[in-house]
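Chains as they are written, first to last, in my numbering: chain C, 515 to 732; chain A, 2 to 314; chain Z, 295 to 972.
I should point out that these hints are in silico values taken from the structure, not numbers from a laboratory. All values reported here derive from a predicted model rather than from experimental measurement. Treat each hint with caution, since some may be false.
[Claimed, not checked] Selected chain A positions facing chain Z (Cβ under 8 angstroms, derived; list incomplete):
1. A114
2. T157
3. A172
[As the list claims (entries may be wrong)] Computed list of lysine-lysine pairs in BS3-like fashion (alpha-carbon distance at most 30 angstroms, straight line):
4. A:K50 <-> C:K541
5. A:K30 <-> C:K606
6. A:K54 <-> Z:K676
7. A:K54 <-> C:K541
Heads up, the beta-carbon is just placed ideally off N, CA and C, and yes, glycines get one too.
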Amino acid sequence: MNALFSQLVMLGSSGMLLTALIVLWRKSVPSYISAYRWQAWLLAAVTATVAYFAGDRQLFAVAAALVALKGFAIPALLRTMQQRFGAQPQIKPYVNTETSLCVAGLLVMFAYVLARPWMAVTHLPTRGGLPLAMALLFVSLFIIVSRRKAITQVIGFLMLENAIALLAVVGTYGVPLLVEVGVFLDALMGFLVMQIFVYHIHETFDTIDVEQLTHLRH
Amino acid sequence: MSRFLALVVQTLVAVALAPALTGFIRWLKARLQGRRGAPPWQPYFEIRKLFGKEAVVSHTASWIFTATPFVVFSTAVVVASLVPLVVVPSGPFVAGDLFAAVYLLLLGTFFLALAGLDTGSPFGGMGASREMTVVALTEPTVALSIVALALNAGSTSFSQIVAHTLAEPSAALGSEHLLAFAALFIVTLAETGRLPVDNPSTHLELTMIHEAMVLEYSGPYLALVEWGAALKLLIFLALAANLFVPWGIALSFSPVALLIGLVSLIVKLAVLSAAVAVLETRVAKLRLFRVPELLSASFVLALLAVMSTFLAR
Amino acid sequence: MNAMGVALSVMVAGYAAGACLAALAPSPRAARLITALGALVGGSGGLAAAIIVFATRSPYDVAFPNLVAAAGGVVLRLDLLGALFLALVAAISLPAAVYGITYTAAYEGRRSLRVFGLMFNGFLLGMCLVPCAGNVFTFLLAWEFMAVTSYFLVMTESDHPETRHAGLWYAAMTHFGFVLLVPMFLLMAPGADQTSFADLRAGAALLPAAVRSGVFVLALVAFGSKAGIVPLHVWLPRAHPAAPAHVSALMSGVMIKLGVYGLLRVAVDFLGTGPAWWGGLVLLAGSLSALGGVLYALAENDLKRLLAYSSVENIGIIFLGIGAGLVLESYGLHALALVGFGAALLHSVNHACFKALLFLATGNVDHQAHTRNMEQMGGLIKRMPQTATLFLIGSAAAAALPPLNGFASEWMVFQALLSGAQIPRPEVAIGTPLAVGVLALTSGLAAACFVKAFGISFLAMPRSEGAAHATESHWSTRAVMGVLAAGCVLLGLAAPRALGGLSRVLVSLSPGKSIAPAQTRAGVWLLSPHGIAQVSPLLIAALLTSVIVVVAAVMRVRGLELRHADTWGCGRIRQTPRMEYTSSAFAEPLRRIFSELYRPAEDLSVSVHAESPYFVRSITYTSQVVPWIETAFYDPVIRGTRALATHVRRLQAGSVHVYLLYITGALVVALAAAWWFE
């Protein structure tokens, strides 16, 4: 039973990591949005699995909220944003695709080495997902740092939030509901603020290339 | 003795089935695109026709050009006797493991690239250059997929890997297996010249890799080269199938086990070639400088597979 | 005197006689013949000595304590490890010497062949004495002798400015290594009169850990600069093309292996075990060298520079094997560590064989087609068929294709790296797949590199007048290359036997610790550790040949109609050399993919007609790949050294009174110090 539990959680966590790699691989924003949608659904699935096997009812509610908010609402908002900007010219990221993928691989190795002591400490059957959650965290940070389109950086930030949520679920079977709701609202606020900023950037510079922000320097 | 005989039978079966595999993929693609398509056994007619035609060899070419079809064909045949197709090669007389198979196929590609340069045609040079680039970039992924499998099984010999997967069926669903399978599938598409890396049915300069290298071949030489390429595709697909889903493969050398192995091989090949055909119908060919991105993605998948084996300890 | 003494005396006497008699030779032709004769005699003596040591499995000591007694005397000690490298030096020197007879004929009238003969035999003597050295003084003497003589050999064609430049870099890097060797030995030697290698070995166990690590780092840098690891490799691509072909063959095939010998002697023989980061450093150096070497080889158009960078790549592979061995040793997995060292030794032997073959063939091409630039070659397979076939065998071996020798040793390195998974600490063991990935990428790129090297140089149509009028070279050069090619094939097919012979060397490296694991079976199969995976180059060759024979027979029986015509090329009309792919074009996709590494300096200038900018008159495009490590690393060092030297120069005031003041001042200070410390 436990073996099946940890197998499913590992599959879900690996899937989430793979969606982050898709953001590093593909170049079109609609594919980033569907990658984020897949990741949100996988996170909900992992949460529901933990809820089922650990017998925690609250986590089912969390999973449902995840689906509603991150599975439907935020992707819809992202799609509106993307349609508002229309087709953007190819903006090359700071790091090219092959190097990004290799760096992502190295970050996964680094996360594995970091997470080994934690895996030794906890005895939960989901501990195999800890390195994957850490890896997702690092890869999302890398996405934010190495991409030039503002909307990609927003998606990176959202994936970072997903990574922290996964870490909480896998490490300690989730956090109390109140904390979960607070984190949700935080993320939503952050996202709405970023949305306003991206619209402003687009109006000012007619592009969402954040490199143009250096023109604001004196 | 029966072991030796079983391996000979396996090799002959592979050599005989290879054109049918290519023909099946072509036929399925045609049906998916709404055409009738040639029957799946069309490549046999083509090979027979080519063997009867005269061969035209360029003035510029040397003995390398005429020797290459033999090298390509024989390396593919030797690899077919080393890999688990119908039966798992085991025992003290096995000639090689996974690394030996990979390097033997590299030998064939080496000579094919030289033959492309030999005629002095720019198409040949272009094909040789692109092919060596793609092959060089797939090598790390192949090595890492082998490592992922070998770490689990404890060795790079085929019999060990197959035995390990058969002993632990739940491992087949593990993330390391699926990731390694995905990586190996992408490598298969790259090495055998299928979409999205290379278009096997084109002769436009911008879109050729493998076809450009063999552009000058005709008659029996072309038949040997095409047959070798089809055999290479069969080997890769059968490897992908039998290393990750080994049920049905013959572990002993009795006739019943061999028959079951043959039937299961045909079924697995049919499923995988259907997947290849569907994929080829859906995707467009990648620009040459997008191919390294695809190959780095497959490298990272293989790296993740290896990482997962460490996680599972 | 026993057989060993006779053999060693023959070796020293042969080289010394060859050197002196060549210097006094009556004519250039006599000088050439005497040079080769001396080298042959000396080489045979060296080879005989090594074979005797292998046969009797006992080391041989001889001491001359009265020679330079103040430094410890000259002590020769030939154990199994030294015998292996001595055999390597001697074996490769024999073909090179015979090759040199006809090759150096081109220097008659331009350079002094007497001096060349003197330096050539001196070089071989130095290289043979390094593995025989039994104490610090002998080792350093032989090392420096080898360095000085090879400098003069590199400067043979000193009328070219690049050669002088190359000689400068070579001398600087060699002495940089020497300068680091002295403190390394000083750290190990407990007392001035106990400098024999036996004393060093005994004393090393008692050294504190920090000193041992210091010794290891110094050894790695000093011997690594001789071996040619990145970033200390900068002299290799300059010196090897500048030297004559058979000297390049010796330098690339054997001299850099003496760096490997030094590292094995100090790190494995003297120091024994160490912390895991030693092996990690070596693995890092190996990975960088392997990848950097092959990537820069791909970007080269000069055939000899390409081969030089390929040597850097192969040294990287050897260091990967050594690093794997060191890491496994540090975790107590002695048997697996021996697999790593065995793979490194086997690859050293194999690389010497095929690289010497490749350099000798390139020398042929250079002299017949009068160019080293691949963009000017082509069609040589029809003009120089035997040289082409021999170059093909060397290229296939360098690309690690079965069943030749490069494949066998790379397979063993893979198995050694894979055994890293047995390391008990997963954080360290996870580096294993990365190393395997690096090695796989290197071998794929090496295959691409040698397709380019052979394909562009020898195939299709000639791209210049020189290539169009090339003829085969003298039969003696082809004969010795044939011997080397046969060596490549035999070392490949009989790799299990070769590895079996090497295991005796490995056991001698770790006496009493463990037996070498069964790495071969029945002399036909190479085995992985624990004997589960196996490969047999002999069986693979047999299978390939039988299939080819069957298919060819079937084709012959059916009858094959053959017609010769022009290249079709999708229906073009003419086939000219301008249509062919060029060397830069072949490497272009890989250059683009790795453009972050290459950072080519590109220049594009378009000149248009006066009437309209749409009518282009000419386009000039220059793309140059400058190894950025030289601009990033060496340029600041050179600038800093020059600045420091400029400052120190102020001491040279030019006035005699200031110099007299210096002398008087120094005398006063010395006397005062003697009085003070009384």
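Comparing the hints with the structure gives:
At a threshold of 8 angstroms, the smallest CB-CB gap from A:A114 to chain Z is about 5 angstroms, leaving the interface hint in force. Because the smallest distance between the Cβ of A:T157 and any Cβ of chain Z comes to about 4 angstroms, under 8 angstroms, the interface hint for this residue holds. Against a cut-off of 8 angstroms between C-beta atoms, the interface hint on A:A172 is violated, since the closest Cβ of chain Z lies about 17 angstroms away. Using a Cα cut-off of 30 angstroms, the hinted pair A:K50 and C:K541 is violated, with the two alpha carbons roughly 46 angstroms apart.
Straight-line distance between C-alpha atoms of A:K30 and C:K606 comes to about 35 angstroms, which puts the hinted pair past the 30 angstroms bound. Of the supplied pair hints, the one linking A:K54 and Z:K676 holds, its CA atoms being roughly 27 angstroms apart against a limit of 30 angstroms. Annotation: proposed proximity of A:K54 to C:K541 is violated, straight-line Cα distance about 48 angstroms (limit 30 angstroms).
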